[in-house]
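Participant: Our numbering numbers the first residue of the sequence shown as 1 and each following residue consecutively.
Among the hints, a few may not be true.
[Stated by the list, open to error] Simulated crosslink set (DSS-like; lysine-lysine; CA at most 25 Å straight-line):
| no. | residue 1 | residue 2 |
| --- | --- | --- |
| 1 | 21 | 32 |
| 2 | 121 | 32 |
| 3 | 121 | 21 |
[To be verified] Taking CB as the label site, the calculated pair distances span:
| no. | residue 1 | residue 2 | range |
| --- | --- | --- | --- |
| 4 | 69 | 112 | 22 to 30 Å |
| 5 | 44 | 19 | 34 to 42 Å |
| 6 | 121 | 55 | 49 to 57 Å |
| 7 | 105 | 130 | 47 to 55 Å |
Simulated from the structure, these hints should not be mistaken for lab results.
All C-beta atoms in this analysis are idealised placements derived from N, C-alpha and C, irrespective of residue type, glycine included.
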Amino acid sequence: MTQLFNRNKQPKEPKKQIRLKLRSVDVWSAVKVGFLISIASSIALIVGAWLIWSVLANSGIFSSIGSLLGSILGDGSNINLEEDFSFTNVMTTATTLALLNVVLTTALWAVWAVIFNLISKLVGGLSLTFTNN
Numbered sequence: 001m002t003q004l005f006n007r008n009k010q011p012k013e014p015k016k017q018i019r020l021k022l023r024s025v026d027v028w029s030a031v032k033v034g035f036l037i038s039i040a041s042s043i044a045l046i047v048g049a050w051l052i053w054s055v056l057a058n059s060g061i062f063s064s065i066g067s068l069l070g071s072i073l074g075d076g077s078n079i080n081l082e083e084d085f086s087f088t089n090v091m092t093t094a095t096t097l098a099l100l101n102v103v104l105t106t107a108l109w110a111v112w113a114v115i116f117n118l119i120s121k122l123v124g125g126l127s128l129t130f131t132n133n
């Protein structure tokens with residue numbers, strides 16, 4: 001039982017350090033990882049837009065702001081935020097932004113991998129040190 005409480009007093013093993021150098025990143029691997037990350041963020045964007053729209057639509061915020069803007073701008077103004085921010089408009093915009101996100105993010109991961117490889121050739125890579133705990 002005393003060994004259970006005194007286990008921290010035992011001599012520790014020396015920590016082993018391993019130094020590695022990251023010299024290049026495979027561009028195709030970076031593209032695949034970037035594509036999967038952009039798909040996940042696009043799904044989060046669409047779900048987030050749906051949640052925000054449903055909270056705002058069900059709480060009556062659109063009609064309240066529309067009536068407030070109508071009273072400020074006068075009776076001649078036709079402001080209908082419920083029509084402007086309809087479910088179809090919001091989801092179409094969110095889906096368009098999600099698709100744009102997938103294309104641009106995937107392309108940028110490839111560009112960043114190529115830039116890292118070029119810089120790595122100039123400076124010799126990225127030095128990393130790993131230790132065991």
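Participant: Look at each hint and say if it fits the structure.
Facilitator: Each hint, compared with the structure:
no.	hint	in the structure
1	21 to 32	23 Å, holds
2	121 to 32	23 Å, holds
3	121 to 21	12 Å, holds
4	69 to 112: 22 to 30 Å	43 Å, violated
5	44 to 19: 34 to 42 Å	37 Å, holds
6	121 to 55: 49 to 57 Å	51 Å, holds
7	105 to 130: 47 to 55 Å	29 Å, violated
Hint compliance for this structure: hints 4 and 7 are not met, and every other hint is.
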